[in-house]
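Using the sequences and the hints, build the whole thing.
In case you want the letters, here they are:
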Amino acid sequence: MAPKITDLKSAIQSFIEPGMQVAIEGFTHLIPFAAAQEIIRQGMTGLTLIRLTPDVIYDQMIGMGCANKLIFSWGGNPGVGSLHRLRDAVENGWPNSLELDERSHAAMCVAYTAGASGLPFGALRGFVGSDLPGHNPSIRFLDCPFTKDKLAVTSAIQPDVAIIHAQQADRQGNVMLWGIVGVQKDIALAAKRVVVTVEEVVDEFAVKSNVTVLPSWTVDAICEVPGGASPSYAHDYYQRDNAAYTEWNEISRSREKFLEWMEYHVLETKSFGEFRERIVS
Amino acid sequence: MKEASSQEIMTVTAARLLRDGTVCFVGIGIPSMAANLARLTHAPNVVLIYESGTIGAKPSVLPLSIGDGELAETADTVVSTPEIFTHWLQSGRVEVGFLGAAQVDKFANLNSTVIGSYDSPKVRLPGAGGAPEIAALAKETLIIIEHDKRKLVDRVDFVTSAGYFRGGNERSDAGLSGGPSAVITDLVVLEPDSVSKELVVTKIHAGVTKEQVRDSTGWEIRFANNLSQTESPSEEELVTLRDLIRRTKEARRKLS
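Residue numbers (our numbering), protein chains in the order written: chain W, 1 to 281; chain S, 282 to 537.
Simulated from the structure, these hints should not be mistaken for laboratory data.
These numbers were taken from a predicted model, which means no experiment stands behind them.
Be aware that one or more of the hints could be misleading.
Only pairs whose alpha carbons sit at most 25 Å apart, straight line, appear in this in silico DSS-like list of lysine-lysine [claimed, not checked]:
#1 403(S) x 148(W)
#2 150(W) x 403(S)
#3 192(W) x 9(W)
#4 491(S) x 420(S)
#5 403(S) x 69(W)
#6 484(S) x 257(W)
Stretches of chain W that chain S covers, calculated by requiring three or more beta carbons in the stretch to come under 8 Å of a beta carbon on chain S [said to hold, decoys possible]:
#7 64-75
#8 126-136
#9 193-200
Each residue gets a CB set at the ideal place from its N, CA and C atoms; glycine is no exception.
Right, here's the structure in full:
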């Protein structure tokens, strides 16, 4: 069935419920900031958030109490330093405690691929000598039945909803993204439902092969949100706003300043468009 | 010309260890700076792989994040993140892994997870990222870290990425080949002893004393019998490095 081309608010209302497992993916590129902020605006709680590289937007969600569990492999502000809200949750349980299912990038990747392939686990060569398996029952070891090699295995990830951002969708609801493609195709095919925000909906794609295309029937909802990946970037549309990542370090350092910022920029605004106006002014 | 700073000596020394034509999996930050310096000086054919899926990236300025657009635009090819780890790293195509960490211990195990205990950490660090598999699967690993008692420790608080375990044959007995071949700091170069696998100082940077190294290391550091002084950065290396940093700063200013 073709996806519904709808507005972001309705899509989040229809597809996200408290307590769900939600993966909002993007590997430094095409990070769905607008969609994630709409989840914050709707006051969602108890989510299990999934992502290889939780960065500023997951920091906002965790600080606002949207999540009680995080499945991840690297939680930092790229090129800047710590995520202060993530750290506060893990170190001090503020605003609530956060359960961690911590893996490595390679393990997350095979967990997504397993999820997309209908397998219960993914296998990799890894974790020998690492302390991570001792703290995470989602990482175990198995002897290969063919070669007897000791392999690491990790449970598949099949979220209730995957949210990704892409450059374009066409009127039929096919999705195209290019540049650094990350894990978006894998997580979209692993998830039960898929919501995609796009820079623009076009009549027809200019190029039709060798870029990631999610056929319309694999996608549940498409929302046109220009700039929806900002302050991350959308290749051929806009560049990464490095200053915003640097400023986040100061905004997020104290609980008070963080809450004040979120209140003014996210909770008091009705849409990502309004949010952007407040950011610029 | 202004004399080289200790950080510049560290970066240049690390860059020199990268041979021309090597396939290198690069971490962000100083590893990326050193690898690109190598590419712009003695190793024009080095192949830089970033975990964002860019293979053969040739950025004109240093990326702030591992997935900056310029990496994709200058790469020979861009693949998905799962593919970079399976088809390229796990399959054995990476010769050198170039990593940083919050802590490294005397057997070159790396910690980028927590300071203190895992369940109630004093400092929660970003986590593993791609490092455990890079450290396990690259044919050799180079580690860059600032020399500090809290960073070069007897035993890391948490083994995120395995080096030589607790020394001797433990790594190879566990089925891992490769391993760290050098740790480059702003004071010295350390290399694993061929038998015990304990890191020992093999090169000391100009102007650095043994006393200073002892005071800045969290275990009783040993110096190799054939200890030598690090060759100072050449004018070409320094000019190239400083140009790279200046271009990077300008590019970031323009964006912000």
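Hints, verified against the model:
no.: 1; hint: 403(S) x 148(W); result: 40 Å, violated
no.: 2; hint: 150(W) x 403(S); result: 33 Å, violated
no.: 3; hint: 192(W) x 9(W); result: 20 Å, holds
no.: 4; hint: 491(S) x 420(S); result: 31 Å, violated
no.: 5; hint: 403(S) x 69(W); result: 20 Å, holds
no.: 6; hint: 484(S) x 257(W); result: 47 Å, violated
no.: 7; hint: 64-75; result: holds (count 4)
no.: 8; hint: 126-136; result: holds (count 8)
no.: 9; hint: 193-200; result: violated (count 0)
In summary, the structure is inconsistent with hints 1, 2, 4, 6, 9 from the numbered list given earlier, while agreeing with the others.
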